[in-house]
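Protein chains: 2
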Amino acid sequence: MPETENAVHVFDAAVELTAIDAGRYTGNTHPAYANMVGPFGGVTAATMLRAIQLHPEVFGTPLSLTVNYAAAIQYGEFEVVARPVRTNRSSQHWAIELSQDGSVTTTATAVFGNRRDTWASTELAAPAALPEHETAVTPFPDFVEWGKNYEMRFVEGPIPGLDAAPYPDSISTLWVRDQPARPLDFTSLTALCDVFYPRAFLRRGHALPAGTVTLTIYFHADATEIETQRDRPILATARSNRFGQNYFDQTAHLWSTNDTLLATAHQLVYFKA
Amino acid sequence: MPETENAVHVFDAAVELTAIDAGRYTGNTHPAYANMVGPFGGVTAATMLRAIQLHPEVFGTPLSLTVNYAAAIQYGEFEVVARPVRTNRSSQHWAIELSQDGSVTTTATAVFGNRRDTWASTELAAPAALPEHETAVTPFPDFVEWGKNYEMRFVEGPIPGLDAAPYPDSISTLWVRDQPARPLDFTSLTALCDVFYPRAFLRRGHALPAGTVTLTIYFHADATEIETQRDRPILATARSNRFGQNYFDQTAHLWSTNDTLLATAHQLVYFKA
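Quick note, the sequences are listed as chains A and B, same order.
So the first sequence is numbered by our numbering: it starts at 1123 and just counts up by one.
So the second sequence is numbered by our numbering: it starts at 1123 and just counts up by one.
Looking at chain A on its own, in the form it has when it is part of the complex (with noise of 0.2 Å):
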């Protein structure tokens, strides 16, 4: 299928959701970015930002987005319900569910507000990289279907091949962008805060069974400035600080072109090994 200017993008074609009414919508899940048991957890958060911001009452713009992955979610349709629990005057909390036959697969909660000039500091600094166009696509395992709809070049830490050994530690540092490119809005970045593969695998040298049982997102750019960033690759980063027992942590950081730090992002992830 040629790509055309009035083509409908596949990640907003992941992320649509019908109203039936106000916070009350049905969605589909979309075969491009099926994963190992169900969709991409990414596309997933998205879509329960997305309930948000379909919401005739919503205001101002996500500040954090809490999603909780109770259960597998079955290719097919669901049902999205998103509920405006209290609304104060510069910020408003949700309550978002997605269920399929009456059964909850997943819950979050999300705060939206207006922010205002303040004082300002970045203290984080950005991950040392090369410059994208200097660092090659490594893509994804072809068997890793949502993968394809990425670009994603990585700078440090590539997903272990068949003869890959232990890594010493978990990180994993890459450029990556919507494929084809997409202007970066709310949506694709809460998806994109999700982009990285099981930290377990690098440590361990190879795939095992692991899934994230909940992920936390606090948006750190504006609306310009995630405007600004345009198609462009960003600079994401993650890492993990322990594994044992069935769990691990992830703590990822999203950086603009121009090392705006867009997003940090926290999950846990259930594992066997």
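Quick caveat, the hints were computed from the structure, so don't treat them as lab data.
Be a bit skeptical, because a hint or two may be false.
The list treats identical chains as one, so a pair stands whether inside a single copy or across any two.
What the hints assert, rightly or not - Distance condition first, Cα-Cα at most 20 Å in a straight line; then the derived EDC-like pairs of lysine to aspartate or glutamate:
(1) K1394 / D1344
(2) K1394 / E1245
(3) K1270 / D1134
(4) K1394 / D1239
(5) K1270 / E1254
The hints should help you fit chain B onto chain A, whose structure is shown.
Okay, now just chain B, sitting in the frame of chain A:
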């Protein structure tokens, strides 16, 4: 009032809930944990966890908790509802709401679960710190009521005094335990995850309006590791990544006396400066 062996610890009194029926409780704010506006957020978080722990259907230990501070809690009575959203074979997903006069002030989601032995590794290093007994007790100012319930020994980044200058980074590291001393459990660890004063105070060199919007805790410790800690001080460290436009984030690491990473905690904080 003299301490006796049978006296209820002030922390336990603060997180006490009375069951109305399964998953529905009443509680009361405790004057000993008063903060500037409403109670100390750490005790509110611990109360949300407590509502799950008291539920007849709960199993396993806490894996994660996200608490959203949607509105200030008024001093006095409140209601808490804890609902098991999804129960899997080894994990359980929860939704919790705290309300006053029918209006929700606080929402939370949590994951509990059973853990089994797996490959394990702690990648993060504990911060360098003199032993607890070589670090002076440095309490919060007297008007911070809740601070009196914690023995704090700042290794780095104490709360700015009246003549403080802006600090170059936002790192605070302290030895901390309940006061009077109390054996650590998941509930008190939850409150300790919020024991840090707002990072913007340190960077600016003075207090300013600030309050946690959302807090997420990942519990790395199992029940045995928690028990092993007993009532000794834990080593807690916190830092922010980015401040700006009314919000900053904070990442915290809580270590046992013998260098076990008990929990990592993240929050987004509102501020004006």
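Going through the hints against the structure:
1. K1394 / D1344: between (38 Å within a copy, 17 Å between copies)
2. K1394 / E1245: The answer is between: 18 Å across copies meets 20 Å, while 35 Å in one copy does not.
3. K1270 / D1134: within (15 Å within a copy, 52 Å between copies)
4. K1394 / D1239: between (46 Å within a copy, 9 Å between copies)
5. K1270 / E1254: Within one copy, since 18 Å is at most 20 Å while 52 Å is not.
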